[in-house]
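As you go down the protein sequences, you meet chains H and B in turn.
All residue numbers for the first sequence refer to my numbering, where the first residue is 41 and numbers rise by one.
All residue numbers for the second sequence refer to my numbering, where the first residue is 27 and numbers rise by one.
It cannot be assumed that every hint is accurate.
[Unchecked claim] If the Cβ cut is set under 8 Å, some of the chain B residues that face chain H in the computed set are:
1) S69
2) R71
3) T75
[Said to hold, decoys possible] Here chain B is said to cover these stretches of chain H; the calculated rule only asks that three of the stretch's residues, wherever they fall, bring their Cβ under 8 Å from a Cβ of chain B:
4) 88-99
5) 129-140
If you're looking for bench data, these hints aren't it; they were derived computationally from the structure.
Glycine residues also receive a C-beta, built at the ideal position from the N, C-alpha and C atoms.
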Amino acid sequence: MIEVHELTKRFGDTVAVDHISFTVQPGVVTGFLGPNGAGKSTTMRLILGLDRPTSGHALVNGRSYVGSRAPIRELGALLDARNADKARSARAHLRALGATIGLGSGRVDELLEVVGLTAVASQKAGSFSLGMGQRLGIAAALIGDPNVVMLDEPVNGLDPDGILWIRNLLKELAADGRTVLLSSHLMSEMELTAEHLLVIGRGRIMADMPMHRFIAQATGNHVHVLTPDGTALRDLIAAPGVTVTSSAPEMLDIEGVTAREIGIRAAAAGLVLYELTPVEPSLEEAFMTMTRDAVEFHGTASRHQDHQLVTVGAGRAADKDAR
Amino acid sequence: MTLTTQTPASTMHAIPAVRPSALGDTRLSLWHVLRSEWIKLWSVRSTVTMMLVIMAVMIGFGAMAAGVSTGEVTGPPGGGGGGGPFATDPFALSMVGANVAVLLIGTLGALVGAREFTSGMIRTTVAAVPRRIAVLGAKAVTLTVGLVPVVVVGVLGAFVVAMSLLSGAGAATVTLGAAGWALVGTISYLLGVGLLGLCLGFLFRSIAGSIATLIGGLLILPGIIGALLPASWSEVLKYLPSNAASSFTSITPPADMLGVGAGVAVLVAWLVLAVGATGYMFRHRDV
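Bound-form chain H, shown alone:
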């Protein structure tokens, strides 16, 4: 379990992470979603103790990670596959890492086998492709058989096979009762892998909920209808707040009314429906809806709220104010 309390990190005038609090539960894969620069990596670095928080703290399995008895058994992290000495072989890299808690070369060989690098274990890490480097990073994260796994963009550079492999691996780790935090900007991948979602934007947590709920709440009641009476149905349900689009005479895409409501009203009017399908949006659509709303909020915010945004935001905005 990872617990983050009021964690804040400033770099000079820039607030990278702004008083965020959340808990990553064991047993499910938690996706950490947000645009580049939103604070995902900084949050992970703070949890690992690579960066010192300006305020707040993070706990791993109930304790500060920095004080762990066997750190790589508590938390295995992949932040950047390039965080290895290019002149060192994959095997030596893992041996040095495992040695910090007394793991021997037997464990290293197991991990090389797991990630499929046995054949190239003696090659320098610098000679590896992006995908091979990523596998080495994953092996490094898993070598201590950790309770918590934290991976930043792990599918970067992996081929489709590798992506499928890591998806199954992460689900398996979670099913095994471990805590898995996965960051990605690839939403289709996230949607397939994560069950719980943490959305971060401009250093703040914008959503912390199960994936299905995040997607469901973003839906604007999009219903797909196939009917021979397209025009009649369109007239029947026309109302403010209801939009109907049509790409073929028999096909309607209706937003703003539930499928149930459409069915009841069509039956009452004696209209035939071949198909009546609520359309669940993708994670990407849900995310875009949310960020669009956020943009609108910023645009229509009151003067007071606007000012608050400026004070916590970048120095550039403050400069503009001063002028």
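Once you've looked at the hints, dock chain B against the given chain H.
Same frame as chain H, but now just chain B:
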């Protein structure tokens, strides 16, 4: 959503648990960090190359100097003959390679420190060993332990080879007994320079910056700048690491330098300062 139905393909990649044999002592300890740093030190080929070159330079330069000067060396200090210390001091002659070794060892130290940062490895290292002072300490110890045989063989080898060449040609020599403390001093200074380089690597976090500072501080500042500055500055320049070391790396301390005790104290002070500053910065900076 259910996760109970695993495909056979994914169970094939099951993560093997830490095996019972390995469970006994799976915890962070200074000993384990030392082992980790030892593996890191020797798994980079340039370490091995540098170590061999250091030995070869020490012994080779000493042998060459002895060979070239054979017949020209007169008695130990004060014996006349002219032509600088090498012409009058068989010990200094045998240790001529030490000047180059200082640069090589300092560079090796700087490389060991800085490459962690330039490669990004330091983030993997600190994530695995969050107690950063342990990382720095283990690096310092493993580098020094790795250097000890190299420096001892290099220094003693240079001495023995040079003296046997000199005595073979009938030139003046010094005995091991007479040179004992100067040999110990030279070995210690070379090990200290390795530590200094390591600290600079950690402080500058760049290979070029740390090596430039090392060369500047050990060579350019005492030598070239010393020659350019007014004579009154020589009092200050005595306290530079390489000048302080000159007091205990020769049989008779140079007249214009610190005494042996003061020289040792000053160099130790430099090392304490370097390690202290490095420890403080490494502990408090984000990596």
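For each hint, the structure was consulted:
For S69 (chain B), the shortest C-beta to C-beta distance to chain H is roughly 3 Å, which falls under 8 Å, so the interface hint holds. A cut of 8 Å between beta carbons decides the hint on R71 (chain B): the least distance to chain H is about 7 Å, and the hint holds. Of the supplied interface hints, the one on T75 (chain B) is violated, with its beta-carbon coming no nearer than about 11 Å to a beta-carbon of chain H, more than 8 Å. With 5 residues having a beta carbon nearer than 8 Å to a beta carbon of chain B, the segment 88-99 of chain H meets the requirement of three or more and the stated coverage holds.
Against chain B, the segment 129-140 of chain H contributes 8 residues with a C-beta closer than 8 Å to a partner C-beta. That satisfies the three-residue criterion, and the hint holds.
Hint 3 from the list above is the single one not met by this structure.
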